[in-house]
Each structure stands twice: as structure tokens, then as C-alpha cells.
Amino acid sequence: MSVFRLTLIRALGLRRKVPVPALAALAITLLAVVPGCASKPSPAPPTEADAAVYEGGKIQIGDQVKVLFPGAPNLNFVQAVRVDGMLDLGQSGDLKVEGKTADEVEAELLTIFSPELIVKEVTVSVESVGFPIFVSGMVRRPGKVMVNRSVTVLEAIMEAGGFDTTRANLSKVQVIRQENGVQRTFVIDVQTALAQAESKPFHLRPADIVFVPERFIYF
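Numbering follows my numbering, with no gaps: position 172 of the sequence shown is 1370.
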């Protein structure tokens, strides 16, 4: 009796001989219903827009916002954007600035303070605290990495201490991204980027998750 047939009989608690064709059919049925046995569709390759340089330019929580009124310096202020994305404008209330550009905030402030201004002018400058990227898997220092510029997958891995040279599978690095409430996963071949002098880099977005899987080792 084959090892496969004997194992299957024992696993199913069968006490009598079962024909090999019947066992084979039963095995195929079991494999079909076991979760994870069915192959999952491969993620679609990233588009140029997915991999493009992150331009930023949007105000984020924690950013330092400096507001100057050339004609009314008594109104000048510098504030960090609160966790609710707001700035405190005193008697004028709060202003939502998270996710807006400096130009957009300038226009809103000009509208709010216009009655008090002789010189209808306001300037807004932003000192960014950067944004987080999360790196996990076969890297030296997994966790959150704060960056203040557009970075590639390889650069994020280097910021996390580099990859485990004996275990990391760099040909199937995953980037998990949330877009409009939908999770997307990209598979990036970092190994090719290391081997070739010229390759198209994949740039990350705020809160992207980079996962470096483990390489299977066959004995």
C-alpha cells in the first residue's frame, strides 16, 4: 500500500480498504475545499501613476504652520496642526488645514480676516514633520520610518536597517497601500533594481506598508 493511501486512510479513520481511484477522488475534493489551497490571483502590476514620485505639498497633522499678515503683524502666529487637523484662530474659531495646500489656507485666512485687514495680504509657510512608512518582514529594524521626501521601496528598506541577506526574498517585496478606503497590494522586484544600473523605481506614499517576505530555503 502506498504511503499516501495509508496516510489518507488513517487521517480519515477508514477501517476498510478503499479503492485507489476513490481515494484519489476524495483527496482532490479535500484539497479543493481546504482554505488557502486554491491559488489567488496575482496582483496587477503597478502603473506609472502608482510608482510616481510623491509630490506631497499637503499640510499634515503635526506640521508647523507659520502665518504672517504684512499689514497687521499683531495677527501673526505659528502653530502646530492639531491631531484633529485644525488650527486655532482665537475668536475666529478653528480652521481645518489638514490635507490642504498652503495656497488654499492663505485664501481661507484672507476671507476670514479680511474685515480686519487694511493690506489684504497673508502668507502661509509650512515646515513639514514628514510622513510615516511602515517596514516589516526580513529587515534589520522593522517598524515605522519617518521621511520628509519622496522615497523608493529600496530606500525605505535601507532606512529600516537594510534587509536580511540570508533570508529576504527581494524579488517579491509587497507594498500595501490604502486608497479611498480600498486596500491595494503591489509586488515589487527589488532584486532587479539592485542588479541593474537602470530600472524604474517604485515611490512610496504616506502610510504605505512595505513587507519583505522570507525566502524559502530548500535542502
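Possibly wrong hints are sitting among the right ones.
[Stated by the list, open to error] Quick list of in silico lysine-lysine cross-link-like pairs, BS3-like style, CA-CA up to 25 Å:
1) Lys-1342 / Lys-1370
2) Lys-1370 / Lys-1298
3) Lys-1342 / Lys-1256
4) Lys-1318 / Lys-1298
5) Lys-1264 / Lys-1298
6) Lys-1370 / Lys-1318
7) Lys-1318 / Lys-1342
8) Lys-1256 / Lys-1298
9) Lys-1294 / Lys-1318
10) Lys-1370 / Lys-1398
[To be verified] What follows is a list of derived Cβ distance ranges for each label pair:
11) Gly-1359 / Val-1281: 28 to 34 Å
12) Gln-1262 / Met-1356: 24 to 30 Å
13) Pro-1241 / Ala-1278: 34 to 40 Å
14) Lys-1294 / Glu-1396: 41 to 47 Å
15) Lys-1370 / Ile-1310: 50 to 56 Å
16) Glu-1396 / Asn-1274: 45 to 51 Å
17) Val-1327 / Ala-1305: 50 to 56 Å
18) Leu-1308 / Gln-1394: 25 to 31 Å
19) Glu-1325 / Thr-1363: 23 to 29 Å
20) Glu-1246 / Ser-1323: 16 to 22 Å
21) Asp-1362 / Glu-1246: 36 to 42 Å
22) Pro-1340 / Ala-1250: 22 to 28 Å
23) Ser-1290 / Pro-1241: 30 to 36 Å
24) Ile-1259 / Ser-1369: 17 to 23 Å
FYI, nobody ran anything at the bench for these hints, they're computed from the structure. For every residue, glycine included, the Cβ atom is placed at its ideal position computed from N, Cα and C.
Hints, verified against the model:
A hinted pair counts as satisfied when its Cα atoms are at most 25 Å apart, and Lys-1342 with Lys-1370 qualifies at roughly 21 Å. The straight-line distance between the Cα atoms of Lys-1370 and Lys-1298 is roughly 35 Å, outside the 25 Å bound, and the hint therefore fails. With a C-alpha separation of about 20 Å, the suggested pair Lys-1342 and Lys-1256 falls inside the 25 Å cut-off, and the hint holds. As the CA atoms of Lys-1318 and Lys-1298 are separated by approximately 21 Å, the hinted pair is consistent with the 25 Å bound.
Our distance criterion of 25 Å between C-alpha atoms is met by Lys-1264 and Lys-1298, whose separation comes to about 14 Å. Between Lys-1370 and Lys-1318 the CA atoms are separated by roughly 55 Å; this puts the pair beyond 25 Å, and the hint is violated. Restraint check for Lys-1318 and Lys-1342: not satisfied, since their Cα atoms lie roughly 43 Å apart, outside the 25 Å limit. Proximity of Lys-1256 to Lys-1298 is assessed by CA-CA distance (about 5 Å); at most 25 Å being required, the pair is judged to hold.
Proximity of Lys-1294 to Lys-1318 is assessed by CA-CA distance (about 21 Å); at most 25 Å being required, the pair is judged to hold. About 16 Å separates the Cα atoms of Lys-1370 and Lys-1398, which keeps this hinted pair within 25 Å; it holds. The hint said 28 to 34 Å for the Cβ distance between Gly-1359 and Val-1281, and at roughly 29 Å that hint holds. About 27 Å separates the C-beta atoms of Gln-1262 and Met-1356, a value consistent with the hinted range of 24 to 30 Å.
Take Pro-1241 and Ala-1278: their Cβ atoms lie about 38 Å apart, and the range 34 to 40 Å holds. One distance hint, 41 to 47 Å for the beta-carbon pair Lys-1294 and Glu-1396, holds here, with the actual separation near 43 Å. Range check, Lys-1370 to Ile-1310: about 51 Å between beta-carbon atoms, so the 50 to 56 Å window is met. With their beta carbons about 49 Å apart, Glu-1396 and Asn-1274 fall inside the hinted range of 45 to 51 Å.
Separated by about 24 Å at the C-beta atoms, Val-1327 and Ala-1305 break the suggested range of 50 to 56 Å. For the pair Leu-1308 and Gln-1394, the supplied restraint of 25 to 31 Å is violated, since their beta-carbon distance comes to about 50 Å. Checked against the given bound of 23 to 29 Å, the beta carbons of Glu-1325 and Thr-1363, roughly 38 Å apart, lie outside it. Against the hinted window of 16 to 22 Å, the Cβ-Cβ separation of Glu-1246 and Ser-1323 comes to about 32 Å, which falls outside the hint.
For the hinted restraint 36 to 42 Å between Asp-1362 and Glu-1246, the CB-CB distance of approximately 31 Å leaves it violated. Restraint check, Pro-1340 to Ala-1250: a C-beta distance of roughly 26 Å satisfies the suggested window 22 to 28 Å. Checked against the hint of 30 to 36 Å, the pair Ser-1290 and Pro-1241 fails, with Cβ atoms roughly 47 Å apart. A beta carbon spacing of about 36 Å between Ile-1259 and Ser-1369 contradicts the range 17 to 23 Å that was offered as a hint.
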